[in-house]
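J.: Now for the letters of each chain:
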Amino acid sequence: MNTPLVLNEDRLFPTEPGERAIARELYNSVYNLPIISPHGHTDPSWFSGNANFSNPTELLVRPDHYVFRMLYSQGVDLAELGIGRAGKAVDPREAWRLFASHYYLFRATPSRTWLDYVFKNVFALDVVLSDKTSDLYYDTILECLAQDSFKPRQLFDRFNIELLATTESPLDSLEHHRTIAESEWGGRVITAFRPDNVVDPEHAGFNDNIDQLESLTGESVSSYSGYLNSLRVRREFFKQHGATSSDHGHPTPATADLSEQEAAALYAKVRSGDFSAAEAELFRAQMLTEMAKMSIDDGLVMQIHPGSFRNHNQSVHENFGRDKGADIPVKAEFVNNLRPLLSTLGNHKNLEIILFTLDETNYAREIAPLVGHYPSLKAGPAWWFHDSPEGMKRFREQMTETAGFYNTVGFNDDTRAFLSIPARHDVARRCDCAFLAGLVKTGRLSLQDAHEVAVDLTYNLAKKAYHL
Amino acid sequence: MNTPLVLNEDRLFPTEPGERAIARELYNSVYNLPIISPHGHTDPSWFSGNANFSNPTELLVRPDHYVFRMLYSQGVDLAELGIGRAGKAVDPREAWRLFASHYYLFRATPSRTWLDYVFKNVFALDVVLSDKTSDLYYDTILECLAQDSFKPRQLFDRFNIELLATTESPLDSLEHHRTIAESEWGGRVITAFRPDNVVDPEHAGFNDNIDQLESLTGESVSSYSGYLNSLRVRREFFKQHGATSSDHGHPTPATADLSEQEAAALYAKVRSGDFSAAEAELFRAQMLTEMAKMSIDDGLVMQIHPGSFRNHNQSVHENFGRDKGADIPVKAEFVNNLRPLLSTLGNHKNLEIILFTLDETNYAREIAPLVGHYPSLKAGPAWWFHDSPEGMKRFREQMTETAGFYNTVGFNDDTRAFLSIPARHDVARRCDCAFLAGLVKTGRLSLQDAHEVAVDLTYNLAKKAYHL
Amino acid sequence: MNTPLVLNEDRLFPTEPGERAIARELYNSVYNLPIISPHGHTDPSWFSGNANFSNPTELLVRPDHYVFRMLYSQGVDLAELGIGRAGKAVDPREAWRLFASHYYLFRATPSRTWLDYVFKNVFALDVVLSDKTSDLYYDTILECLAQDSFKPRQLFDRFNIELLATTESPLDSLEHHRTIAESEWGGRVITAFRPDNVVDPEHAGFNDNIDQLESLTGESVSSYSGYLNSLRVRREFFKQHGATSSDHGHPTPATADLSEQEAAALYAKVRSGDFSAAEAELFRAQMLTEMAKMSIDDGLVMQIHPGSFRNHNQSVHENFGRDKGADIPVKAEFVNNLRPLLSTLGNHKNLEIILFTLDETNYAREIAPLVGHYPSLKAGPAWWFHDSPEGMKRFREQMTETAGFYNTVGFNDDTRAFLSIPARHDVARRCDCAFLAGLVKTGRLSLQDAHEVAVDLTYNLAKKAYHL
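Chains as they are written, first to last, in our numbering: chain A, 22 to 489; chain B, 22 to 489; chain C, 22 to 489.
FYI, nobody ran anything at the bench for these hints, they're computed from the structure. Glycine included, every Cβ here is placed at the ideal spot set by N, Cα and C. A portion of the hints provided could be inaccurate.
[To be verified] List of simulated lysine to aspartate or glutamate pairs, DMTMM-like, C-alpha gap at most 20 Å:
{"#": "1", "chain 1": "B", "residue 1": "Lys141", "chain 2": "A", "residue 2": "Asp470"}
{"#": "2", "chain 1": "C", "residue 1": "Lys352", "chain 2": "B", "residue 2": "Glu354"}
{"#": "3", "chain 1": "A", "residue 1": "Lys370", "chain 2": "B", "residue 2": "Glu339"}
{"#": "4", "chain 1": "B", "residue 1": "Lys260", "chain 2": "B", "residue 2": "Glu203"}
{"#": "5", "chain 1": "A", "residue 1": "Lys414", "chain 2": "C", "residue 2": "Glu418"}
{"#": "6", "chain 1": "B", "residue 1": "Lys352", "chain 2": "C", "residue 2": "Glu354"}
{"#": "7", "chain 1": "B", "residue 1": "Lys352", "chain 2": "A", "residue 2": "Glu354"}
{"#": "8", "chain 1": "B", "residue 1": "Lys370", "chain 2": "C", "residue 2": "Asp318"}
{"#": "9", "chain 1": "B", "residue 1": "Lys414", "chain 2": "C", "residue 2": "Glu418"}
{"#": "10", "chain 1": "B", "residue 1": "Lys153", "chain 2": "A", "residue 2": "Glu235"}
{"#": "11", "chain 1": "B", "residue 1": "Lys153", "chain 2": "A", "residue 2": "Glu418"}
{"#": "12", "chain 1": "C", "residue 1": "Lys370", "chain 2": "A", "residue 2": "Asp98"}
{"#": "13", "chain 1": "A", "residue 1": "Lys290", "chain 2": "A", "residue 2": "Glu235"}
{"#": "14", "chain 1": "B", "residue 1": "Lys414", "chain 2": "A", "residue 2": "Glu418"}
{"#": "15", "chain 1": "C", "residue 1": "Lys141", "chain 2": "C", "residue 2": "Asp447"}
{"#": "16", "chain 1": "A", "residue 1": "Lys414", "chain 2": "B", "residue 2": "Asp470"}
{"#": "17", "chain 1": "C", "residue 1": "Lys153", "chain 2": "B", "residue 2": "Asp319"}
{"#": "18", "chain 1": "C", "residue 1": "Lys370", "chain 2": "A", "residue 2": "Glu339"}
{"#": "19", "chain 1": "B", "residue 1": "Lys485", "chain 2": "B", "residue 2": "Asp319"}
{"#": "20", "chain 1": "A", "residue 1": "Lys141", "chain 2": "A", "residue 2": "Asp98"}
{"#": "21", "chain 1": "C", "residue 1": "Lys485", "chain 2": "C", "residue 2": "Asp318"}
{"#": "22", "chain 1": "C", "residue 1": "Lys141", "chain 2": "C", "residue 2": "Asp178"}
{"#": "23", "chain 1": "C", "residue 1": "Lys414", "chain 2": "B", "residue 2": "Glu418"}
{"#": "24", "chain 1": "A", "residue 1": "Lys153", "chain 2": "C", "residue 2": "Asp470"}
{"#": "25", "chain 1": "A", "residue 1": "Lys352", "chain 2": "B", "residue 2": "Glu354"}
{"#": "26", "chain 1": "C", "residue 1": "Lys141", "chain 2": "B", "residue 2": "Glu203"}
{"#": "27", "chain 1": "A", "residue 1": "Lys370", "chain 2": "B", "residue 2": "Glu101"}
[Unchecked claim] To list a few chain B residues with every Cβ distance to chain C over 12 Å, as calculated:
{"#": "28", "residue": "Pro55"}
{"#": "29", "residue": "Lys290"}
{"#": "30", "residue": "Thr423"}
{"#": "31", "residue": "Lys484"}
Take the sequences, apply the hints, and build the full model.
T.: And the structure:
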């Protein structure tokens, strides 16, 4: 007999009954608020074209690096899942079986929580995924995906998503966002400005990308000032397609405050292709400050996502490409790194910078004290590996006492896995309500205040922080 | 209708009823023990002059950097609170209104816990502070402060403070401590020796300060040995005014063990004004070792408080001065940094050094192993941003298993906010009892031992560690 | 009256009754599974000779650095315990009294938990150790130790140990392991290959040790390739004595991938005795990679135990020798340090490396992401100072969501204190069941899965990871 798939109604709530009851009460008041997803990586073509998703493997396994990194760590060949350049043609049903037979690996991981939620709530599956139920799953999901009601826009509406932001390079035509905006469909899918490939000299294609900026904007990129102008023009273009934020995925949060002459000389250096790692780092640092200046002018909220060692596994990178689950966090430092930017711009009323980290030691030591002082800084939610029940608990426990709730910005799902969006927001809402319930039960917050905060964390803070 | 202000009788206790009952039992045996406050920053003139406090804003907002840093982070102008050099004349009632209307920002922060305690227990207020109750608060507190029973000495006695240590520079005349000692009032207010401004070459006025040492002591400061003698003389002077400890607020816990010749040459260098950042660091490092040697001779307990990037916000520093909520913690390292001092002096029976940190990663990795081995080392309590329920929990959880309880030193309130002292000690007592209750309920400590430990953490350890 | 010694039946379980019941149910299914002890430091001569242990002090105090480091931190002279080179003859009963009178120092430490378990379950003592019960303890234990049933092999069997690994240098004759294997006794005591003294140029006797390798193996160590061959031969010798793993106690997890020529030149340099600290570090780094290559060939599992500053207390080291409780953890970094090795070998199917750390900040930031991706990496359990209830809790909470359970390897006791082995495994089993119960009660794991995972964490994972 197959094991029934049960989602515990009280999952992620505290275990003490009185505390649990408070969490449940709070959750009941927020669980069905609309979803604001101000930062993520879904594909806008899904919503412009609104084609049916093809099959379970293509939808749920291949785009989800959380899933295939775990499989890979236990000896599953990525090629057998049909992933990567070297991928031979792989029967998606066979790949799904491989996934299903390793599903026990995900016990107690957030992926398991998200997937079970999707299986149950989106596809009405009621037994646990395993080698024995693999085909049942495959057939059920495949059948669903063929229906109109499982098309991207229909799911978007069913998920009660009020706003979804994707992330695009400055070179993107944003045609999908235009198509969506001009369609009769009411769903709000906006872009975000992610300039890494034109501000990071170590990014593949950096120089060509900048040349493309010139073609796109008509601004000459031969000078630093022209280059900055071309970025201003693209930011404006992104704003016209709904963008309210920029996003910066630098190796470190280093910032710089070079003179115009120094910056121009450095630009010439990195454009020449003959530069050191330190010069590349300095250029990225200077560009964070330039982006902050542009934010003050055009109002885009800056997001800084530092501290990931990208493509750490050389062989996987060469054979399967980027974003294959081999990005590993490294230590981050914010206090000295952000100072050049903050010394110049940190008190400006028009500047808003949201800080993310993969190094949890930054929470209590650096980020909470920084955002609890500087009016221009806010703390982004627990990110990536820490977008999990324990990760969120550590985030709240280590941030709240110094930063309060109002220097945080609500939840980001940050996902490429569209179907997981409601699951992820549900986890965040449950974890926040659990945390608030603990505060209420220990006399640190009144129940009345907790109700207000629960709505703020779920909905208001994200709208305010991202200018939505 | 205004929201009632309720202090939950069981606040900060565990939520499981059996565990909570143990915490309550332990707390009942310690909550009214006298307060030992061996490290803090209250103003001794309050107790020598015993003048009435002027108004709520002057007493509760302007000296409390926890309070105004949070307000500033959310866009409140410090000048509107009447803070800083550039401050225009500000009506304290208006400033109080600004504070009151932003009181929701402090939800779930320790400041909120401390303030509510003060409002209720000192001023008998019974509604929550908000824009609607701002004037009620202002009038009530103002009226109280005009009364004799709210004068500093009367509050000191009412708070059941057995001993309060303030912190003074070696250049201080200690006249207020003398006045207090010579008065008929029985309150014990002692000083602590804080030589940062005469041992840190990067401190504003370093050279002039050392010249003043010469005037004060008659010891020539032209030589290193004379300089050291002048410090010995001032330490003795401080001891005569009750000091049992010194306090060292260095950027890092670096120590050095230079030869006499090297140290003398370095002294000449830093006195010349022409020195590098590394030389300044080395001089501070050497001075920690010199201070330890003097401690062995005169018995003052050393406190080391490293790891704060002072005045991080350049514009706030220039316009509003020091201590304006812009000190931000940075990473700290103790194992290599303390080794020069410990290699020479670490096993000396007469030496006691209390280590504090703002970098919680030091707790389990460095400080617990160090204090759990070296007889000269003890761990100070959770400090500053970590003087909070979650901060104290992390401190106990990460320190106790390796260091035990008897290599810790009880609680420090470390505050400039006199009225918050009982509130802070109450939080510490509750948190310690909560932690002990958890140990009892999970079979890691007998109830009998827990009772003994509760008294030790509340009272005995501080008296012993600070030689009181 | 003496205080009764009670071991709470539900110790270390969650406090909420429903959660506790689940923990108890899980624990009941694993508490009496055989003990697999795949990594530790007991003395194989105990089991080859099977002589009676001499007295309580010799058995329980002098070999246990957890115990005497705490005593030393509170002013107890190591010489009074009879420890170290300079040790005068000390009456073990007097030394035991010194220990007993300071037993309160261990409140809430794992040492206390382990010792009470031993006192109660091995020696049937039923009052708490104190100055008043010191002699009762000494006499009771002494009497037990004289009996046949308390000999090492008899205790091994009574403890239900299925396998015990010790750790030896490549220069060891392994005679005791041979004696055990050839005896009629069925106990399985295997060795592990710990080459620090022949791969670390800064190890005392490095050069002489390598010369000994030549005598032992007949391989000339004048060339790098001969040196590597000599290590291959000794690894094979260790395998013949049961070894399934190697163990590497480097200061850092640095790895290198030098060319053969570079490595050979570096070998000549470090053999010459004229090398820098950086060259020593690079040689160790290269040797980790060489060991990994040999592991691929011979199948020994690699354990890397980095990050301890050995013999930090210079005076204790000089007067009392190594391993005297003065090893202090320092920060560790794995992501950059392991990359040279992982770039070459990290995806090899035959390679298995188990990572340990004393720096808990590595768990969520580095180790979980690394082992959750690389098929060659697994995470070792909470180690040394973190082999404790709170340490294990942090390990599970910070590792599980990213690494899952199946990239971990079960429990290691890592002890020199033979009698504590069942106590330590009992703590680990209780802590794991407590963690699982929390997951079940919060809907993150089904009870059925929890039962399976409990057995895996207790027994299966260690056998699989260590190829037992």
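J.: All hints are to be evaluated individually against the structure, with a verdict given for each.
T.: Outcome of the hint check:
1. Lys141(B) to Asp470(A): With Cα atoms ~18 Å apart, lysine 141(B) and aspartate 470(A) stay inside 20 Å; holds.
2. Lys352(C) to Glu354(B): Holds, at about 8 Å.
3. Lys370(A) to Glu339(B): Holds - the C-alpha atoms of glutamate 339(B) and lysine 370(A) are around 18 Å apart, at most 20 Å.
4. Lys260(B) to Glu203(B): It holds: about 16 Å lies between the C-alpha atoms, which stays within 20 Å.
5. Lys414(A) to Glu418(C): holds (10 Å)
6. Lys352(B) to Glu354(C): Status holds; Cα separation ~15 Å.
7. Lys352(B) to Glu354(A): Distance of about 8 Å is within 20 Å: holds.
8. Lys370(B) to Asp318(C): With Cα atoms ~54 Å apart, lysine 370(B) and aspartate 318(C) exceed 20 Å; violated.
9. Lys414(B) to Glu418(C): holds (16 Å)
10. Lys153(B) to Glu235(A): violated (57 Å)
11. Lys153(B) to Glu418(A): violated (30 Å)
12. Lys370(C) to Asp98(A): holds (11 Å)
13. Lys290(A) to Glu235(A): holds (18 Å)
14. Lys414(B) to Glu418(A): holds (10 Å)
15. Lys141(C) to Asp447(C): holds (14 Å)
16. Lys414(A) to Asp470(B): violated (31 Å)
17. Lys153(C) to Asp319(B): violated (37 Å)
18. Lys370(C) to Glu339(A): Satisfied, since the Cα-Cα distance of roughly 18 Å is no more than 20 Å.
19. Lys485(B) to Asp319(B): The hint holds at about 16 Å.
20. Lys141(A) to Asp98(A): Status violated; Cα separation ~28 Å.
21. Lys485(C) to Asp318(C): This hinted pair holds, its Cα atoms lying about 18 Å apart.
22. Lys141(C) to Asp178(C): holds (18 Å)
23. Lys414(C) to Glu418(B): holds (10 Å)
24. Lys153(A) to Asp470(C): Holds, because 16 Å separates the two Cα atoms, which is no more than 20 Å.
25. Lys352(A) to Glu354(B): holds (15 Å)
26. Lys141(C) to Glu203(B): violated (59 Å)
27. Lys370(A) to Glu101(B): holds (16 Å)
28. Pro55: holds (24 Å)
29. Lys290: holds (28 Å)
30. Thr423: violated (5 Å)
31. Lys484: holds (17 Å)
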